[in-house]
Structure formats: structure tokens, C-alpha cells
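I would like the entire structure built from these sequences, with the hints used as guidance.
Here's the letter readout for the chains.
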Amino acid sequence: MSAPALIDAPAADGPRRWHRFSVLERIGRSTFYLLALLAIVWSFRTIEIIPEFLVDAPTQTADLFARMWPIDWKWYPKVVHPALVETLHIATLGTILAIAMAVPTALLVARNITGSIVLNNIGRFILVATRSVHAMVWALFFVAVFGPGALAGMLAIAVHSVGFTGKFLAEAIEEARPGPIEALRAAGAPPLSILIKGYWPQVKPAFLSIAVFRWDINVRESAVLGLVGGGGIGMALDSAMSNLYWDQVGLVLLVIFGVVVVTETLTTWVRSRII
Amino acid sequence: MDASAPIKSSAAEDGARTLHIRHLFKEYRAGQPVLRDVSLTIEGRGLTAIIGPSGTGKSTLVRCINRLVDPTSGEIIFRGQNLAGLRGRELRHARRRIGMVFQEYNLVERLTVIENVLCGRLGYLPVWRAWLRRFPPADIARAFDLLDAVGLSAHATQRADQLSGGQRQRVGIARALMQEPDLLLADEPTSSLDPKTSVEIMELIARRAGERDIPVIVNIHNVDLAKRYADRIIGMARGTVVFDGPPQALEHSHLIDIYGGEGWLE
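Just so you know, the sequences run in chain order A and B. The numbering of the first sequence is this note's numbering, which starts it at 1 and goes up by one. The numbering of the second sequence is this note's numbering, which starts it at 1001 and goes up by one.
FYI, nobody ran anything at the bench for these hints, they're computed from the structure. Treat the hints with care, as some may be off.
Claimed, not checked - A short, non-exhaustive set of chain A residues, derived as facing chain B with CB atoms under 7 Å:
(1) Ala62
(2) Gly179
(3) Ala183
(4) Ala186
(5) Gly188
(6) Leu192
(7) Ser193
(8) Pro201
(9) Val260
(10) Val261
(11) Glu264
To be verified - Stretch by stretch, here's where chain A covers chain B in the computed footprint (C-beta under 8 Å, at least three residues):
(12) 1027–1039
(13) 1126–1133
A virtual CB, placed ideally from N, CA and C, is assigned to each residue, including glycine.
Dropping the structure here:
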């Protein structure tokens, strides 16, 4: 009967107490909640909600949808279909161009490939700089340079995607197991052969997954680039809206929704096959 | 030509393959040497086993030889070159002559078995050939021969990650022999394997290197395996060589000196 010996005797000054947080921590947490509440109240005051519009909103929404019905299907073959194809082209070419730029940048960023912290940070700066500017803003920039159209949209998609693809590619490269690399080095393989035979087989699944995922995002993004002159189906949406042809707006929205569902399903399936 | 000529030439070959390590030091952190003044001459034949406790620098010593680890100071003379001073292309060319077998096999797991073996030739292959998988027919034939020699011909086109540990290590051995090395290094080749497979792998290394006259240096934890397969045993402790001799000369007192304590020997 040694069991009782395992149970510690209670402390002399009554039962032992336990609290998740110390007094100081509790004061800190209460202050944080209070500040968060103040921030919310402040935000609501800043956005200046007009109560009449808020009350009116459901009626307006219903009205908008009512005007979209019946949808103007006749408009599809004439305008929407070519615009849709253009959107898919913008997304696909943009993704390919983005990858072409992201691969060298990712190699620059990956610490196991490039041993210089200065070069790593230069690469990282490129990734952050391209990613932090939204595709719409890039589109405005390229429209100013090349004029409105698919070229501007494609370049906007490409440049904005470099950050995303490059970042995840660099992470995939850094996660490559060092063992096989060491073995190829020990065999006297030149650096490029190590890249091709040691790193690439390990990075390939992640690479394909990133590329397909980014293409999926780019299809969605390129659908709205037309609003700022970047070509594609967004342009059709823009002209329909400015002409107040709500039945055509309804058609474009429906088509965009359909394309997003299809690409999402497709890319999810492809990615599940890769991994 | 008299009959002794081939023997003489093979003796000269052995001489060229002799490895001289002189006053080798390695510090990963300044002031904390892992290797302290190691000097060894390893003849160009036979199997040399390095035993010793974990963290005593066995692995560092072996990795200094093919410069996976850069020594802090000292010389490593092999085939008339000081490996410790080589860089770039010269180092790569020197490495081609030294095969290595690893504890964790270090295969490229998503490549097939045959391609892993062919990777042993990457040092001789132009990059574009490696990229397009244009391996010379002679290399492919030799890779298949080596897979026969390690008993894995049936698995040639399987992906390496489908193999068991013992099979992977066989591929590792075939890859190292694919280099046609003048020296074979093995860093704990059996530590990730079960006892039976460990014996098979040591047997394979000793036999296949022996029939090709390739000298072998093996780091090994298992003293019994070392005694069974080695022609020479080097005992290391505290970063230096504390025993050097044939397996028969290795006594209990030496093991106590190498590993410390003696309760584990009972």
C-alpha cells in the first residue's frame, strides 16, 4: 500500500490554489478588451452610416436583382464570351509570366541556395514590393503605360503574382531535405546538376500546387481588372453597369460566378492529385 | 614482363590511394574543438572501422575527408592532393573519386532507384545531360550491373521512397560504387537498420568494395560488427585517436578507454 505516499500532503496554509493568469495578466487582458471596444465604437463613428440608407438597403438590393431578371442571354455570344476567353488568357499568361519571374527570385531568397543575406533580402524586397501593391493598382499603372487592354491586365496579374508564388516557392525550396543534396555534393556534382537532380524533384509537387493555386486566384482577379481598363470580362461588366443594362450585368455576374466555381473545382481536383 | 609486374603496379595503385591525415583540427565553435590533432595514415586497401561514443567527432572526421565539413586546420593528403585546401572545380573533381554511404541513405526519394544510382555519375556528366536524363549507355549498363550486385534489379524503376530501409541503403551503396571511387566512406551505414539488415549491409559493403579493391572507412557504433568486418579498428574518444590496431588487439580495457565506464560491457 504505497499509493498514499504518492499524494502530496496539503500545504500548511490550506488548500493549494491555481489561477490561469496572474493579477497583472488579468489587468492587462481587461485593458486590452476595453481598448478593443473603444476601437470598434470609434470605427463606427468614422464610417458615417446614414440611417435612412441602412433601413432602405434590403429594398434596394431586391430592386437591383429584380432589374437583372430576366437575364439577357442573347448578349452572351456577342460580347461576354470573347471577354470571358480574354479573361482566361490574361490569367493564364499572367501566371506563366509570374512563375518565370518568381523562380529566379525564389532561388535568390532561399537561404540554402543563396548564401548571402544581402541577396536574400534583395529577393525578399522584390517579393514584398510586388505583392503589397494590389493587382488593380498595378493595372492602373500599366494602363497608364501601355494603354487600356489585355496587355495591361496581363502584366498587372503577372507582377502582382510574383510575390505570392515566389514566397511559397522559396519556402518549398528551404524545406527540401538537406540529406540528398549532401549526397550529390559528395559525388562531386556541379551546382546546377544539384539543383536539377537534388532540389527540383523535392520541390516539384509544391511548385505545381502553387502554380495551379495562383492560376485559380488570377482567374478571379482578372475578372475585375476590366473595371480599371485591364481588359477581359470586367470591361463588359463596366460598360453594362454604366449603361444601366441590369439584365446584362446579371449575365456577367452569373458567368463570373460560374467560372469561379469551375476553376475552383478543377484546381482543387488537380492539387489533390499532385499531393 | 615478369609475373611480378601486375603486383607491383597494384602496389603502386595502393600507394596512390593511401590517405594521410595530418594534425587535423575541427572547431564548430571557437575554443571547442571536436577533433584535436588527429593524424592517421590509412592504406589504400581493406576496411577500416572507426568506433567511439556519440559526439566524439567520428562523423566529423569522415566528413572532413570529402569536405562536407571544412576542417579548421590540418592536411588531408589523397592522390597527391591536399583535400583540405581545395575549392570549386578542383574540390568537385576530388570528390568524384570518393564515394560516400550515409546513415539516412540520402537518396532523392522522388526519383527512381536506377536514377538514384546514376546520380553517382553527376560529377562526370554535363549539366544538360543530367537535365535531359541523357545518361551515357555505358553508365546505364553499369548502373544495372551494380543493382544486380546489390540485389535490387527487380526494383530498378520503382521510386526510392517505396523501398525499405535496408533496400534504400543498398541503393546508396550502388550509387557510391557508381562513382568508381578510389575510397569509400560510410558514415554510420547501419545505425538506422535492424540487427539482421545491419549485418547484411556491412557484408555487402565489405564484399563489393573488397572485390573492386576499394579501401573503405566506416564509422560504426556496433563494436561487434566492426570487429567482424574490419581489418583495422580506430577507436576515438574526446576528439582524438585512443586505439589503433587490428580487431584482435581490441581488448576490454581499450573499450573502457574509448567509451568510459564498464557496466555496459557485462
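Verification of the hints:
Among the interface hints, the one on Ala62/A is violated; its C-beta lies about 55 Å from the nearest C-beta in chain B, farther than the 7 Å criterion. Because the beta carbon of Gly179/A sits about 4 Å from the nearest beta carbon in chain B, less than 7 Å, this interface hint is met. The closest approach between the C-beta of Ala183/A and any C-beta of chain B is roughly 4 Å, which is under the 7 Å cut-off, so the hint is satisfied. Contact between Ala186/A and chain B, as hinted, is supported at the beta carbon level, the nearest pair being about 4 Å apart and thus within 7 Å.
Hint status for Gly188/A relative to chain B: holds, with the closest Cβ pair at about 3 Å, below 7 Å. A hinted interface residue such as Leu192/A counts as satisfied when its beta carbon comes closer than 7 Å to some beta carbon of chain B; here the least separation is about 4 Å, so the hint holds. Taking 7 Å as the C-beta cut-off, the interface hint given for Ser193/A holds, the closest approach to chain B being about 4 Å. This hint holds: Pro201/A has a C-beta 4 Å from the nearest C-beta of chain B, less than the 7 Å allowed.
At about 33 Å, the closest approach between the beta carbon of Val260/A and any beta carbon in chain B exceeds 7 Å, and the interface hint on this residue is violated. For Val261/A, the interface hint is violated, since its Cβ never comes within 7 Å of a Cβ in chain B; the closest pair sits about 33 Å apart. Because the beta carbon of Glu264/A sits about 28 Å from the nearest beta carbon in chain B, more than 7 Å, this interface hint is broken. Proximity of the stretch 1027–1039 of chain B to chain A, defined as three or more residues with a beta carbon under 8 Å from a beta carbon of that chain, is not established by the 0 residues found.
Note: the stretch 1126–1133 of chain B has 3 residues with beta-carbon separation from chain A under 8 Å; the three-residue rule is met and the coverage holds.
Of the numbered hints given earlier, the model fails hints 1, 9, 10, 11 and 12; all others are met.
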